[in-house]
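> Start from chain A and add chain B according to the hints.
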Amino acid sequence: MHIPDGFIPLSQAVIYTIVAIAFIAHSIKWAREEFHEVPLFATLAAGIFAIQALNIPIPWGTSGHMTGGVLAAILLGSPWAGVFLLTLVLVVQALFFADGGITVLGANILNMGVISSFVGYYIYVALRGRIGIASASFIGAWLGLVTAALATAVELAIAGTFPLREGLLFMGLYHMVIGLVAEGTLTALVVTTVLKVSPDMLPVKAREVV
Amino acid sequence: MLQERRYLIALGIAFLIAVLAPFLASPNPDGLESTAEKFESAQDKELELVSSPFPDYTIPGIEGSASEVAAMLIGTALIFILSFGAAKALTKAG
Numbered sequence: 011m012h013i014p015d016g017f018i019p020l021s022q023a024v025i026y027t028i029v030a031i032a033f034i035a036h037s038i039k040w041a042r043e044e045f046h047e048v049p050l051f052a053t054l055a056a057g058i059f060a061i062q063a064l065n066i067p068i069p070w071g072t073s074g075h076m077t078g079g080v081l082a083a084i085l086l087g088s089p090w091a092g093v094f095l096l097t098l099v100l101v102v103q104a105l106f107f108a109d110g111g112i113t114v115l116g117a118n119i120l121n122m123g124v125i126s127s128f129v130g131y132y133i134y135v136a137l138r139g140r141i142g143i144a145s146a147s148f149i150g151a152w153l154g155l156v157t158a159a160l161a162t163a164v165e166l167a168i169a170g171t172f173p174l175r176e177g178l179l180f181m182g183l184y185h186m187v188i189g190l191v192a193e194g195t196l197t198a199l200v201v202t203t204v205l206k207v208s209p210d211m212l213p214v215k216a217r218e219v220v
Numbered sequence: 016m017l018q019e020r021r022y023l024i025a026l027g028i029a030f031l032i033a034v035l036a037p038f039l040a041s042p043n044p045d046g047l048e049s050t051a052e053k054f055e056s057a058q059d060k061e062l063e064l065v066s067s068p069f070p071d072y073t074i075p076g077i078e079g080s081a082s083e084v085a086a087m088l089i090g091t092a093l094i095f096i097l098s099f100g101a102a103k104a105l106t107k108a109g
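One line per chain: the protein sequences are A and B, in this order.
Quick note on our numbering: the first sequence kicks off at 11 and runs consecutively.
Quick note on our numbering: the second sequence kicks off at 16 and runs consecutively.
Excised from the complex, chain A in its bound form:
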């Protein structure tokens, strides 16, 4: 759901950029104060960049890929990890690969980095003690992606690029399916695998079950 340049007028894109910068600044503060797992972070970033290129086909001639903010948040024990990691990935994608626009970088960071990571992580935290880590990470990643897609639809409606109702309908529908086949499944798979084979790689906070 990388928004390209031209889909949001500059006057509105500036506002999303300012809001995104506030979140990025706080994620840097988090990294300075509470973050220690440098190799885990860099390895996750490489994997998330790679998996974002793997579009999975869904019905209606469409496709979608995992975005990874919720995975980073769960494994590093903080939604700020998702913000920090997705910021780096989205900047590289926009500058080097023409994937997502430059003027709308703030909006893309806000949607896939901030909204997805926060919604998904806190759903995971709320559910993991009750339904287990696999189901909680699946639902968290799924709803994180869907919420980010709906936020994108609202921004594009304000921009006059999508009509509000149909935009919400199609963005919501496509990403509900993408969230099931890509984001939810892959997040649950990686989280359960890492917790099983390598829990010592994770910060203590990410190993809590309730």
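Don't take each hint at face value.
Stated by the list, open to error - Footprint (simulated), chain A over chain B, 3 or more residues, beta carbon under 8 Å: (1) 16 to 24; (2) 33 to 45; (3) 54 to 65; (4) 75 to 82; (5) 86 to 93; (6) 97 to 105.
What the hints assert, rightly or not - In silico DSS-like cross-links for lysine-lysine, where the CA-CA straight-line distance does not exceed 25 Å: (7) Lys107/B - Lys39/A; (8) Lys60/B - Lys215/A; (9) Lys39/A - Lys103/B; (10) Lys39/A - Lys215/A; (11) Lys53/B - Lys215/A.
Simulated from the structure, these hints should not be mistaken for laboratory data.
Quick reminder that beta carbons are idealized off the backbone N, C-alpha and C, glycines included.
Just chain B now, kept in the frame of chain A:
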């Protein structure tokens, strides 16, 4: 198993996905592009403001799949180095 070895395995998986993605990825438009196709108001709006060195995950001048695989390898290595450097600098500063 040593943590270093496990990180190497995980990084190997990341690079494996990067190499395979050009062959396995669906060429269908993504959710946002498919939505945009439905609305008159979204047509001809997309702009190319800057020229990227690797547009659409290809290296200009190289033909075929090799171009996409090379672009993915460069991108994955770049992200790893950049995020390692940024994370290291910040944790050291803290």
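> Run every hint past the structure and note whether it holds.
Status of each hint after checking the structure:
no., hint, verdict
1, 16 to 24, "holds (count 3)"
2, 33 to 45, "holds (count 11)"
3, 54 to 65, "holds (count 9)"
4, 75 to 82, "violated (count 0)"
5, 86 to 93, "holds (count 6)"
6, 97 to 105, "holds (count 7)"
7, Lys107/B - Lys39/A, "13 Å, holds"
8, Lys60/B - Lys215/A, "44 Å, violated"
9, Lys39/A - Lys103/B, "14 Å, holds"
10, Lys39/A - Lys215/A, "18 Å, holds"
11, Lys53/B - Lys215/A, "44 Å, violated"
In the structure shown, a violation is registered for the earlier hints numbered 4, 8, 11, in ascending order.
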